[in-house]
Amino acid sequence: MDPTPLTRTRPSTAEVSGTDRPRPARHVRLDYSRTRQRRILLHPEAVVVLNGTGAAILELCDGRHTVAEIVSELGTRYRGVPEEEVRRFVGRLVARRWLELSDG
Amino acid sequence: MDSPFGLLAELTYRCPLACPYCSNPLNLADYGDELTTGDWMRVLTEAGDLGVLQCHLSGGEPLLRRDLVEIVAHAHLLGLYTNLITSAVGFSRPRAELLRTAGLDHVQISIQADEPARSDRIAGVPSFRRKVEAMGLVKELGWPLTMNVVLHRYNIGHVAEVLALAEEVGADRVELANTQYYGWAWRNRAALLPSRAQLAAAEEVVRAAVERLRDRMDIVYVIPDYYSRYPKPCMGGWASRQLTVTPNGDVLPCPAAQSLPLPRASVREEPLERIWAEAPVMTAFRGTDWMPEPCRGCPRREVDFGGCRCQAFLLTGDPARTDPVCHLSPDHELVERAVTAANSERRPRGSALVPRPHQARRPVGPRQVR
Numbered sequence: 001m002d003p004t005p006l007t008r009t010r011p012s013t014a015e016v017s018g019t020d021r022p023r024p025a026r027h028v029r030l031d032y033s034r035t036r037q038r039r040i041l042l043h044p045e046a047v048v049v050l051n052g053t054g055a056a057i058l059e060l061c062d063g064r065h066t067v068a069e070i071v072s073e074l075g076t077r078y079r080g081v082p083e084e085e086v087r088r089f090v091g092r093l094v095a096r097r098w099l100e101l102s103d104g
Numbered sequence: 001m002d003s004p005f006g007l008l009a010e011l012t013y014r015c016p017l018a019c020p021y022c023s024n025p026l027n028l029a030d031y032g033d034e035l036t037t038g039d040w041m042r043v044l045t046e047a048g049d050l051g052v053l054q055c056h057l058s059g060g061e062p063l064l065r066r067d068l069v070e071i072v073a074h075a076h077l078l079g080l081y082t083n084l085i086t087s088a089v090g091f092s093r094p095r096a097e098l099l100r101t102a103g104l105d106h107v108q109i110s111i112q113a114d115e116p117a118r119s120d121r122i123a124g125v126p127s128f129r130r131k132v133e134a135m136g137l138v139k140e141l142g143w144p145l146t147m148n149v150v151l152h153r154y155n156i157g158h159v160a161e162v163l164a165l166a167e168e169v170g171a172d173r174v175e176l177a178n179t180q181y182y183g184w185a186w187r188n189r190a191a192l193l194p195s196r197a198q199l200a201a202a203e204e205v206v207r208a209a210v211e212r213l214r215d216r217m218d219i220v221y222v223i224p225d226y227y228s229r230y231p232k233p234c235m236g237g238w239a240s241r242q243l244t245v246t247p248n249g250d251v252l253p254c255p256a257a258q259s260l261p262l263p264r265a266s267v268r269e270e271p272l273e274r275i276w277a278e279a280p281v282m283t284a285f286r287g288t289d290w291m292p293e294p295c296r297g298c299p300r301r302e303v304d305f306g307g308c309r310c311q312a313f314l315l316t317g318d319p320a321r322t323d324p325v326c327h328l329s330p331d332h333e334l335v336e337r338a339v340t341a342a343n344s345e346r347r348p349r350g351s352a353l354v355p356r357p358h359q360a361r362r363p364v365g366p367r368q369v370r
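From first to last, the protein sequence lines are chains B and A.
So in my numbering the end of the first sequence lands on 104, straight run, no missing numbers.
So in my numbering the end of the second sequence lands on 370, straight run, no missing numbers.
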């Protein structure tokens, strides 16, 4: 806990392929905020309040589903969730080390 | 007005260490009347109702509270993400196991430098070896580990070795936090402020490490704001995302705000929700209406929120001025002067550092740090 901004020199996005299996990093937890009635992602120093699609993607980031499977699963629930958008979302969280990837 | 996301619960200002960069207040004696276990449980419940999602258990040294396990268990029951911010002194295996069972989510351990002699000299007590042992225990029990090092003139030259240690202990995150000049650090600023050359060298090491360790470790570098062009967006805006409760129950927008000339608000007297919404300590600098020029007309006013109110107060005596760190501030010269002194060839060597006392009653005297 520190009252300052945290500066990262990390790239803002990471390459993610269809066979990667994302899961939350060890220090990250997917949760729910009663007050905000939204799914949230908790990290030791930060909170991300998720929109509906973000929450749906993260619920499938369990280390078992591949990115390709997440895209096809979401396709059955929502109209038009482009793979590119899912990859970009996951890539941003991987770059920030909120999500980790394992493949195969 | 939004709901706060995080509560910094400063359980006690007692501490086994005596670090001269401590951000605790100078008047430690005024905080001896600590909240009871029941008070803290009520505060946590009220915080959860208010929308708080994260609870940072800090101090001083939170492990000095005998009821820490109970407090953690209650926070966990409320669904809060619990983060223990500790020196690791007192982090024994039995205590750690109880905290694990109670649902503690994350542990942050401070070290003062990369090796025993230097770290212990800065901490004022032998502590380095048990900190390293405690970090091993954190990993063994399956917690995510953040290693935190506060950087200043006496350790910033050893950032590479600090990062090597973080790798060795398997830290998930490393915070390299340049000293913020509040409390005891403010008092010791002339001795602690690093030179421009020291910072440049450290930042080069950090950049390379971020690249090299990209897949293994999150490296967070907290900028030295005295050397920045713009101020930090302190706490994401005054009373916007975070609140702090001090050991005696005062509620503040940030841990440094107890020094400001604002009426105090206490959880002993009012519910947290009302304090958050209405107390002058919360509303004084919320939003942008309070801003003077040059902030008021600045396109960055909602990027950095005028910087830090506590820093403005410490440097100028007026918390409503632009943070003098900003190069546009009419008071920027105050920061420039400190920076010039830190880079002067005539700077006296081995300046005296005043260690923070372990407890309020101990006498304070200067200590030499090489």
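Rather than coming from a laboratory, the hints here were simulated on the basis of the structure.
One thing to keep in mind: the hints can contain errors.
[As the list claims (entries may be wrong)] Covered stretches of chain B, going by a simulated chain A footprint (3 or more residues, C-beta under 8 Å):
#	region
1	59 to 73
2	76 to 85
[Claimed, not checked] Computed Cβ-Cβ distance ranges for the label pairs, DEER-style:
#	chain 1	residue 1	chain 2	residue 2	range
3	A	P280	B	T53	36 to 42 Å
4	A	S92	B	R26	20 to 26 Å
5	A	G297	B	V49	26 to 32 Å
6	B	V49	A	A117	44 to 50 Å
7	A	R229	B	E85	32 to 38 Å
8	A	E97	B	T76	41 to 47 Å
9	B	G75	A	S92	50 to 56 Å
10	B	R38	A	R268	41 to 47 Å
11	A	R229	B	R38	51 to 57 Å
12	B	R38	A	A117	33 to 39 Å
13	B	E85	A	A117	51 to 57 Å
Backbone N, C-alpha and C define an ideal beta-carbon position, used for all residues, glycine too.
Evaluated hints:
Interface restraint, the region 59 to 73 of chain B with chain A: violated (0 residues with C-beta to C-beta distance below 8 Å; minimum three). Chain A is given as covering the region 76 to 85 of chain B, and this is violated because 0 residues of the stretch bring a CB closer than 8 Å to a CB of that chain, at least three being needed. Our hint of 36 to 42 Å for A/P280 and B/T53 holds, since their Cβ atoms are close to 41 Å apart. Evaluation of the 20 to 26 Å hint for A/S92 and B/R26 yields a pass: the beta carbon distance comes to about 23 Å.
In this structure, A/G297 and B/V49 meet the distance hint of 26 to 32 Å, their C-beta atoms being roughly 31 Å apart. In this structure, B/V49 and A/A117 meet the distance hint of 44 to 50 Å, their C-beta atoms being roughly 46 Å apart. Separated by about 35 Å at the C-beta atoms, A/R229 and B/E85 satisfy the suggested range of 32 to 38 Å. A hinted range of 41 to 47 Å holds for the C-beta pair A/E97 and B/T76, which are about 44 Å apart.
The hinted window of 50 to 56 Å between B/G75 and A/S92 holds, with their beta carbons roughly 52 Å apart. Here the CB-CB span from B/R38 to A/R268 is close to 33 Å, at odds with the stated 41 to 47 Å. Taken as a hint, the range 51 to 57 Å is violated for the pair A/R229 and B/R38, whose Cβ atoms sit roughly 35 Å apart. In this structure the supplied range 33 to 39 Å is violated for B/R38 paired with A/A117, their Cβ-Cβ distance being about 50 Å.
Judged by the Cβ atoms, the range 51 to 57 Å given for B/E85 and A/A117 holds: they are separated by roughly 53 Å.
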